[in-house]
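Peer 1: Take the given structure of chain A and dock chain B to it, following the hints.
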Amino acid sequence: MLTDIERAKYREIARRIRFDVIKMTYHAGSGHPGGSLSLVELFTMLYFKHLVHKPNDPNWQDRDRLVLSKGHACPALYAVLAESGYYPREEMWTLRKFGSRLQGHPAKDKGLPGIEVSTGSLGQGLSIAIGMAISAKMFERRDNRIFAILGDGEIQEGQVWEAFMSASHFKLDNLIAIIDNNNLQIDGYVDKVMCIYPLKEKLQAFGWRTITCNGHSLDEVDKALEIAREKTGKPTVIIIETIKGKGISFMNNKAEWHGKAPSREQALIAVTDLGYPENVLDKDID
Amino acid sequence: MTIYEEHGWRMIPSRNGFGLALRDLGETHPELVVIGADLTESVRANYFAEKYPDRFFNAGIAEQNAATIAAGLALSGKIAVFSTYGVFASGRAFDQLRTTICYNKTNVKIGGAHGGLSVGPDGATHQALEEIALIRVLPNMVLIIPADSEETYKATVAAIEQIDGPVYIRFGRSPVPTITNKDTPFEVGKALTIKDGSDLTIAACGSCVAESLLAAEILDKKGISARILDIHTIKPIDKTAIELASRETGAILTVEEHQVHAGFGSAVAEVVVQTCPVPMHFIGINDRFGESGTPQELIKFFKLDYENIALQAMKLLERNF
Chain A
1 MLTDIERAKY REIARRIRFD VIKMTYHAGS GHPGGSLSLV ELFTMLYFKH
51 LVHKPNDPNW QDRDRLVLSK GHACPALYAV LAESGYYPRE EMWTLRKFGS
101 RLQGHPAKDK GLPGIEVSTG SLGQGLSIAI GMAISAKMFE RRDNRIFAIL
151 GDGEIQEGQV WEAFMSASHF KLDNLIAIID NNNLQIDGYV DKVMCIYPLK
201 EKLQAFGWRT ITCNGHSLDE VDKALEIARE KTGKPTVIII ETIKGKGISF
251 MNNKAEWHGK APSREQALIA VTDLGYPENV LDKDID
Chain B
1 MTIYEEHGWR MIPSRNGFGL ALRDLGETHP ELVVIGADLT ESVRANYFAE
51 KYPDRFFNAG IAEQNAATIA AGLALSGKIA VFSTYGVFAS GRAFDQLRTT
101 ICYNKTNVKI GGAHGGLSVG PDGATHQALE EIALIRVLPN MVLIIPADSE
151 ETYKATVAAI EQIDGPVYIR FGRSPVPTIT NKDTPFEVGK ALTIKDGSDL
201 TIAACGSCVA ESLLAAEILD KKGISARILD IHTIKPIDKT AIELASRETG
251 AILTVEEHQV HAGFGSAVAE VVVQTCPVPM HFIGINDRFG ESGTPQELIK
301 FFKLDYENIA LQAMKLLERN F
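Taken in sequence, the protein lines are chains A and B. Last residue of the first sequence: 286 (the numbering used here), numbering continuous. Last residue of the second sequence: 321 (the numbering used here), numbering continuous.
Chain B on its own, in the form it takes in the complex:
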């Protein structure tokens, strides 16, 4: 029994939440269309495509065209969802995202699948570790990185029902612990305090939230009270929650399955230094490419696991780097 199972957390890939949400929304939103790029099942767009074949379009292995067709559909009043692997959605089609989707403020939702290290054995070419840096700089864009499948479901619903404009949702391939449930609140732009604490804050997004939560248990045993923030919306980021965390806990550790340079930690730090500067430390990928391995192996190798998070938290409190 893994530590996740011991906590009663079901192991589900977050991409499932995306697919299920599209399937459910297809019924209530006849204007919803989905554009794929040959990875229909991988990104879970098949849940929608099987139910609404007339509203699913496969553009083939041509992400630039796919992203821009989505914009054209949106300009004609559709809610257009474009989904492929995050490396291609954010990198290959970057100018299309920038100039056509965002500059025109089109109602396009981008599903960045296989984010982070979750694609494991495929190796560096397919591991999306740059999306936050690329997507966060785009005006008009909203960026959400949900913690698990449930949250991905809610994020997809919110993106489609509440936001008239481009949204990028990053989710993963491998099963990750489902730490939220149907009743957990979700609001775009509002960080979720998963656990309160007073000695420091661990801010995380995506599957790093679960690891941070486990780290907090280790810290608890050592008498350290850690606040765990699930900052699922990277843009617009919850400045209030971050400022409050700085003021009330006095130190912030960020954890991300992404490059540290210009990544999630940087987004948090921008708020911290402008509101209430406190010591910070960043856990993530340090300016290198990924490599093949199981996601679990890679999480350990890149020190994104709960044991290392706990260790870095203690070092941060001791100012010992």
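Pulled out of the complex, with its shape left as it was, chain A reads as follows:
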């Protein structure tokens, strides 16, 4: 359980990240706000409490690794990296612009600190994380952990099931997959487009320890990440129950906000939804 002071602190960070996502995609004129907003509480608790990392030494060898397999949600990742101090805040507004280190999908070769690997073609991130987890567990023998964040729609990719199978086969208990279960993908509800459920049962059958939590409750996400610390000989999956577009009135649970940027009018409404004065859209929050 978080203390009231902690909860207030993380809530404020989450609010800032939501603002960053809105402002970034508004300036970019394109991007993926919906699936970024569903990850905000998760990223807050990971980067500000659970992840072992050093923003001023991004290549520190004992760091935990995070692979954003659903690479399109990079606005949320870019925001939490900036909020953690990996790179200057002003650079966020270059998202998707020519010459930017903040590419439309995470690009390792552009050198943005904190980006472990380029992702964007769905279904591959968990396998990358497995390679990293094998290396950490069997060769470096470090205590660090490897996180992979997947979308729920992404699980329709066959490779993800190859990866699920192999992670338990290799007994990678230093691997934590997190599934952003917002039940929406571009064409609509995940269970209507191509049903992936029941998820927990399938993953248990594949040899994973499963944890489920409300992905927008800071306390629940914190608790899930706390439980995940205990090593059981199996890989762990945390299914976070989330809402696509969470926190913005007109984006909440709407598939159409998967890959669309807010207009100026919409961004102003979003800023108000988050409890900020409208002028922060142009002059920033600090």
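No lab work stands behind these hints: they were computed from the structure. Honestly, I wouldn't trust all of these hints.
Listed below are the simulated DSBU-like cross-link pairs for lysine-lysine, each with C-alpha atoms no more than 35 Å apart in a straight line [claimed, not checked]:
id: 1; chain 1: B; residue 1: Lys105; chain 2: A; residue 2: Lys171
id: 2; chain 1: B; residue 1: Lys235; chain 2: A; residue 2: Lys108
id: 3; chain 1: B; residue 1: Lys51; chain 2: A; residue 2: Lys110
id: 4; chain 1: B; residue 1: Lys235; chain 2: A; residue 2: Lys97
id: 5; chain 1: A; residue 1: Lys108; chain 2: B; residue 2: Lys239
id: 6; chain 1: B; residue 1: Lys51; chain 2: A; residue 2: Lys231
id: 7; chain 1: B; residue 1: Lys222; chain 2: B; residue 2: Lys300
id: 8; chain 1: B; residue 1: Lys105; chain 2: A; residue 2: Lys110
id: 9; chain 1: A; residue 1: Lys49; chain 2: A; residue 2: Lys171
id: 10; chain 1: B; residue 1: Lys105; chain 2: A; residue 2: Lys234
id: 11; chain 1: B; residue 1: Lys51; chain 2: A; residue 2: Lys171
id: 12; chain 1: B; residue 1: Lys105; chain 2: A; residue 2: Lys97
Peer 2: What follows is chain B alone, placed relative to chain A:
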């Protein structure tokens, strides 16, 4: 006695060179790991796996996962070798090669086994005839098709010791004549002049180099002097050697165990037309799938044998197609 044996060429599958190199490098490179996909012995990864069981991982029949795990290992500082049949390594896992292995410039080496027609009786499904087209378009990728087992050994060593980034090495299943030896020079990106000549150049890769060399003997008897180039590195290709061949011999015939469309000949032609255009002709598979048969039967059927190479060389010189 076959014509190959008459030349004193030992018949060895090029995949052996790959396996032996991995086994030897395992000792000097503790960071070397190998990922297989259920074909451990076929691709000769067993040479490594038996000696270093802790550094060999079998991903099962799941090439996409296997290729991407290799990338994850490489991102953690390992030199990761992923090997399976070429059809699967290049085709089944193409997006993984493109977006994860190459875009991230990971230090992954891909062993494309059973390349070309060398898998013979297995038929079209398993005959990899599209790898050059698929692999050559990938940025950051190096593509090597060695002529024999010795050259495959050297190519594997070079890929692991000299190149920090993705390399695809294509090798074959069936025994092929070993035309190079331990002392033959090998440099990535540098074509090997196996035989000098002045009337035309026959450029080849893989087992087609040996056939081209035999073709040159027939041509010699007819008073035609053919230069034989072993262009083992398809990417980056040796532009200097190709331009020189164009200027000095005036005609180029390419030979490949691969589709002619977007294949080895096309790679050579790109250099020729931009440096010193000369008449060319391409021998290879002409827009069709393979079929079952012994590799020898198939080589003859698809006109990749030395007799046809010699014939096509003469036609090229007479401009008679």
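Peer 1: Determine for every hint whether it applies to the structure shown.
Peer 2: Hint check results:
no.	hint	result
1	Lys105/B / Lys171/A	holds (28 Å)
2	Lys235/B / Lys108/A	holds (23 Å)
3	Lys51/B / Lys110/A	violated (39 Å)
4	Lys235/B / Lys97/A	holds (32 Å)
5	Lys108/A / Lys239/B	holds (31 Å)
6	Lys51/B / Lys231/A	holds (31 Å)
7	Lys222/B / Lys300/B	holds (22 Å)
8	Lys105/B / Lys110/A	holds (12 Å)
9	Lys49/A / Lys171/A	holds (26 Å)
10	Lys105/B / Lys234/A	holds (31 Å)
11	Lys51/B / Lys171/A	holds (23 Å)
12	Lys105/B / Lys97/A	holds (23 Å)
Hint 3 alone, counting from the list given before, is not met by this structure.
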